[in-house]
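Student: Here's the letter readout for the chains.
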Amino acid sequence: MSLIFAAAADVPFVPPLILIDIFLLSILVVVAVAIVRMRSLFGVVMLQGVYSLVSAAWFVTLDAVDVAFTEAAVGAGVSTVLMLSAMLLADRKSTPVPMRRQFGALAVVVLAGAAMLYAVGDMPAFGDVNSPANAYVGMDFMAKTAEEIKIPNVVTAVLGSYRGYDTFGEVVVIFSAGLGVLLLLGLNGNSGGWVARPNGQMLNDHSAPSAALSDSNVAEDPQAEDAQ
Amino acid sequence: MPDIFSHFNYVVVIVLMMTGLYTVFASRNLIKKLAGLSVFQTSVFLLYITIGKVTGGQPPILIKDKSYGVDDEGQALLDGVVQVAAGKDSYIIGGPGTDILYSNPLPHVLILTAIVVGVATLSIGLALTVRIREVYETIEEDEIEAADFVYNLEGTAD
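So the protein lines, in turn, are chains A and B.
If you read the first sequence in our numbering, its first letter stands for residue 21, the second for the next number, and so on.
If you read the second sequence in our numbering, its first letter stands for residue 38, the second for the next number, and so on.
Hints were generated in silico from the structure; no laboratory data involved.
Be careful, since some hints might not be right.
[Unchecked claim] Okay, the calculated beta carbon distance ranges per label pair:
(1) B/Q95 to A/M119: 48 to 54 Å
(2) B/A183 to A/V130: 25 to 31 Å
(3) A/G124 to B/D136: 51 to 57 Å
(4) B/E182 to A/N208: 26 to 32 Å
(5) A/V128 to B/E182: 17 to 23 Å
[Said to hold, decoys possible] A few chain A residues that face chain B, going by a derived Cβ cut-off under 8 Å, partial list only:
(6) A77
(7) Q122
(8) G200
[Stated by the list, open to error] Capping the alpha-carbon separation at 30 Å, the derived lysine-lysine pairs in DSBU-like fashion look like this:
(9) A/K113 to B/K70
(10) A/K164 to B/K101
(11) A/K170 to B/K101
The beta carbon of each residue, even a glycine, is placed where N, CA and C say it ideally should be.
Please model the complete structure; the sequences and the hints are all you need to start from.
Tutor: Now the structure itself:
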């Protein structure tokens, strides 16, 4: 299969593509760093939407038009709406993390990143036609779709037919997720009057964990512990 | 030119991935953690799509070989254009002699599935966050752990 593309492989590298590439990737890096540093949850959620949208733009330059479509609609649209509504129900600000608690995370991330950078040398060059990922099954789909599925969009053909079970599994996952959200939140709030009994003890307004954080009880608890 | 940038995308994508992973590890706020997870996930999509790109290629949507490739009798006007009988229409598939090159569709398909599954998991995580907020009145991990300790909800102490 690699021989087939040998003739077309020496297409000159297009400089504008590289420029768009660098431009969009730098925006992505800036947005990702801003997400790490930002404390306002509204800002974090909106920047996450921006990140999805910019990556959708990048997908267009990488010929993945279907993915760009889905990422813009689902990643930048639905995800952002979901996170905004959850943020409205939860909190507006995140508390800053003390520096000493960031070192562990930083060490893990630097180690994992170094391991992955070490492996980068073995990856195929960007845009390589003859790389193993591009030479075999993907190009078989390209060659056979016109004959077997008879539609021009190969991504749709593979999604719906060649890998149809995969898509079915995806639908099962979405159904399970919807079921899970329903079970967690309910259609009607806590209309059944369900009460949690951790360790067999009944929690009332004063003994619930949330009560400890309200103004009246916070002052009492440390004193009670000191007395013991 | 190609040598300098041949692995540029991978390096930047790894940096982005690690930024998302760092947000997941370091932040104590559950919503921010989920935003970081989202960034991590999107960066993995970037990695896959980068691999599927073919230099000089075009989106994997077959071009109809009707208006300019063949005449009305189905006779090829261009030398070497591969024609495939597909009902009434025929499409140009990439091959020897064609100047058409398509990018690899397989990573696109995998990532399409992953995007939708990602939203499903995100919604579960957000529902858990909202439920935790209802009980604990906070979504900061430190305060949740403190409340668990004070009320012995983990059942470890006597």
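Student: Are the hints correct? Go through all of them and say.
Tutor: Outcome of the hint check:
1. A hinted range of 48 to 54 Å holds for the C-beta pair B/Q95 and A/M119, which are about 49 Å apart.
2. Checking the proposed 25 to 31 Å range against B/A183 and A/V130 shows it holds: the Cβ atoms sit about 29 Å from each other.
3. At roughly 54 Å, the beta carbons of A/G124 and B/D136 sit within the given window of 51 to 57 Å.
4. At about 31 Å, the beta-carbon gap between B/E182 and A/N208 stays in the expected band of 26 to 32 Å.
5. A/V128 and B/E182 have their C-beta atoms about 20 Å apart, which keeps the hinted 17 to 23 Å range intact.
6. Interface restraint check: A/A77 against chain B, minimum CB-CB distance 12 Å, threshold 8 Å, status violated.
7. Because the smallest distance between the Cβ of A/Q122 and any Cβ of chain B comes to about 5 Å, under 8 Å, the interface hint for this residue holds.
8. Interface restraint check: A/G200 against chain B, minimum CB-CB distance 5 Å, threshold 8 Å, status holds.
9. At roughly 13 Å between alpha-carbon atoms, A/K113 and B/K70 fall within 30 Å of each other, so this suggested pair holds.
10. At roughly 15 Å between alpha-carbon atoms, A/K164 and B/K101 fall within 30 Å of each other, so this suggested pair holds.
11. Among the hinted pairs, A/K170 with B/K101 is consistent with the structure: their alpha-carbon atoms are about 11 Å apart, no more than 30 Å.
The structure fails to meet hint 6 from the earlier list, while all remaining hints are met.
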